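Kindly produce the complete structure, drawing on both the sequences and the hints.
Residue numbers (the numbering used here), protein chains in the order written: chain A, 1 to 169; chain B, 1 to 416.
It is possible that part of the hints are untrue.
The list that follows gives simulated cross-link-like pairs (lysine to any residue, SDA-like), each with its CA atoms no further than 20 Å apart [as the list claims (entries may be wrong)]:
| hint | chain 1 | residue 1 | chain 2 | residue 2 |
| --- | --- | --- | --- | --- |
| 1 | B | 53 | A | 150 |
| 2 | B | 150 | B | 164 |
| 3 | B | 409 | B | 287 |
| 4 | B | 150 | A | 154 |
| 5 | B | 52 | A | 127 |
| 6 | B | 315 | B | 278 |
| 7 | B | 48 | A | 23 |
| 8 | B | 80 | A | 28 |
| 9 | B | 389 | A | 27 |
| 10 | B | 154 | A | 28 |
| 11 | A | 169 | B | 50 |
| 12 | B | 48 | A | 157 |
| 13 | B | 150 | A | 27 |
The set of hints was computed from the structure by calculation and includes no laboratory data. All values reported here derive from a predicted model rather than from experimental measurement.
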Amino acid sequence: MGETMQTKVWKFTDDIDTDQIIATQYLVNPDINDMARYAMEIPKPEFASSVQTDDIIVARNNFGCGSSREQAPLVLKTLGVKMILAVSFARIFYRNCINLGIRPYEIKLSQYNLFDDQSAVTYDPQMNYIGVKNETISLNPFPPFVESILAAGGLIAHVTQQFNANQEK
Amino acid sequence: MSHTLTEKILACASGKESVSPGDIVDVSVNTAFIHDVFISGVVEEFSKLPHKKVWHPDGIVLIADHEVPAVSEWAGECYKTMLRFAETQDIKRIHIAEGVCHQLIPEKGYVGPGMVLVGTDSHTTTHGALGAFSTGIGTTEMAAVLATGKIWLKVPETIHFELSGSLSKGVYAKDIVLSMLQILGAEGATYKAIEITGNAVKNLTMADRLTICNMGVEMGAKNALFAPDDITMAYIKSSGADASYLVNVESPRYSQTIQMNLSEIKPMLAFPKGVDDVHPVDEAIGTEIHEAFIGSCTNGRYEDFVVAANIIRGKKVPGHVRLIITPASMQIYKRLIEDGLAMDFINAGAMITNPGCGLCYGKHGGVLSRTDVAIASNNRNFPGRLGHKDSQVYLASPATVARSAVYGKISAPDRE
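Below, the structure is given as structure tokens:
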């Protein structure tokens, strides 16, 4: 940890809804790895087969709008996405990300415009910033309560930790 | 200090004197519901937790509505998972194929004013119609609620719609909420609450309010609500809901107030591929349609079918149009039969399906083909929502759908 890492950008526009992230017809698939092969099939058909672990998604407004399906962030997590930057998120999707341990960061439109699809950017997890085209984007830290869920690796791990802590009292 | 209804409810539910927008609070939940699509995921996540029992069996509602009758070999397993979970956890409130969750919950008295509701469905905003705080959550989050009875929430700012005037002939609650979408857009209320007040509210029935709150989520809202009044109290008197969480507010301070004069609202449509691409019906008159759908948690209530039947009665739907009628609950279905409305629809050439979410989430019961154009009373028309990604869906009030079905092309409801 603490080292700057290089990662690739997958850029999306406005209103990428959960049907586009993973379409209804694939939700019945009991195997999440198999389901993930169809992620972003409508907006970016090559995404699921080409995305690499730690690649980041950069989107404009209202990313993840639509249904409450948790499979939407889950297929992205399954494909190795750990961080999503968007000008704005739909709120259920935003919460689902946190509860699954994915970091959803809000950025400004001017910052969104700096990114090119498929370009390489640097990420410094310690300093919490992204380097793109000689510019540095500082990511806003989460409130401590939310950070504690993310640090635990998601809500299930967090609630389990709390339960166990109460048992020891 | 003058808090909004949302702030007041969240303060009470988190045991605080007062809360302000931006505060993160740990809130006690009154009712948590799960539907068939997500039951397996919730039960699986719950099994990972050390809590062996749910926090309060009577606070939990299980509803199979999306996959009924079974649309895949998977669906039957979902019902069984639901039945097993109900039995092992002593959950009495379980309903399989009795109706759509957002109709059953108010109808069965599982929501009362001032309560906090969470559900694994984005349209959970619907229940704000009864003056509750109600919002949709994911499966992992639901597992944590089942275990602890609590959820963390960020207190939202409130956008206020103040309604005045009265609706013209042919204009309905759906046209009000489509007009709100035209103003705010699909993300205009993201992370925010929507509260609807004004002297026109007393003329809105509970069915109208449910329609409006249902589509609050289409504006990105966390919740949408009406303050409880005589209409609310009359409704919960018949549903038998708990009224003990009732809170009242006086002259709240909102982050934004939008005035709407209902007499200026026209029949509206959300054009294909965008819930917020809203235009007056006049702009699409004459567009040929192949399917007309009246149903869903937005507009599948008895009142909606009365309006539609009054337009359709004695007429025939043209041969190229499939008219699909989907009552939102078995109780509504029975009333349609008892009152003769079902025969009006059948004689006009309609298909009446069982209560459920099938078509509205593109799974069964009228799925659209590539070249289909539909007019529908539901809440979403994203690409592929009701079938093929190239199909076109116009969202409208039941009256506009009914009139369009009769003519085989998009038609305004307020003229012959």
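- Query: Straight-line Cα separation of residue 48 of chain B and residue 157 of chain A no greater than 20 Å?
  - Reply: 9 Å, holds
- Message: For a C-alpha distance cap of 20 Å, please report whether residue 315 of chain B and residue 278 of chain B respect it.
- Response: 29 Å, violated
- Task: For the pair we were handed, residue 154 of chain B and residue 28 of chain A, check the Cα-Cα distance against 20 Å.
- Result: Measuring from Cα to Cα gives roughly 32 Å; hence the hint is violated.
- Task: Would you mind confirming whether the straight-line C-alpha gap from residue 80 of chain B to residue 28 of chain A stays at or under 20 Å?
- Result: The given pair, whose Cα atoms are some 15 Å apart, holds under the 20 Å limit.
- Item | Hinted pair residue 409 of chain B and residue 287 of chain B, Cα distance within 20 Å | 5 Å, holds
- Message: Given the hinted pair residue 150 of chain B and residue 27 of chain A, is their Cα-Cα distance within 20 Å?
- Response: 27 Å, violated
- Agreement of residue 150 of chain B and residue 164 of chain B with the hint, judged by alpha carbon distance not exceeding 20 Å: 38 Å, violated
- Message: Run the distance test for residue 48 of chain B versus residue 23 of chain A: straight-line Cα separation, threshold 20 Å.
- Response: 27 Å, violated
- Item | Pair hint residue 169 of chain A and residue 50 of chain B, alpha-carbon separation not exceeding 20 Å | At roughly 16 Å apart (the allowed maximum being 20 Å), residue 50 of chain B and residue 169 of chain A satisfy the hint.
- Task: Verify the proposed pairing of residue 150 of chain B with residue 154 of chain A, using a straight-line Cα cut of 20 Å.
- Result: Answer holds: residue 150 of chain B to residue 154 of chain A is near 16 Å, not above 20 Å.
- Query: Within a Cα-Cα threshold of 20 Å, do residue 52 of chain B and residue 127 of chain A meet the stated pairing?
  - Reply: With a Cα-Cα distance of about 40 Å, the restraint between residue 52 of chain B and residue 127 of chain A is violated, given a limit of 20 Å.
- Task: Mind checking the alpha carbons of residue 53 of chain B and residue 150 of chain A for me, to see if they're no more than 20 Å apart?
- Result: 25 Å, violated
Hint compliance for this structure: hints 1, 2, 5, 6, 7, 10, 13 are broken, all remaining hints hold.
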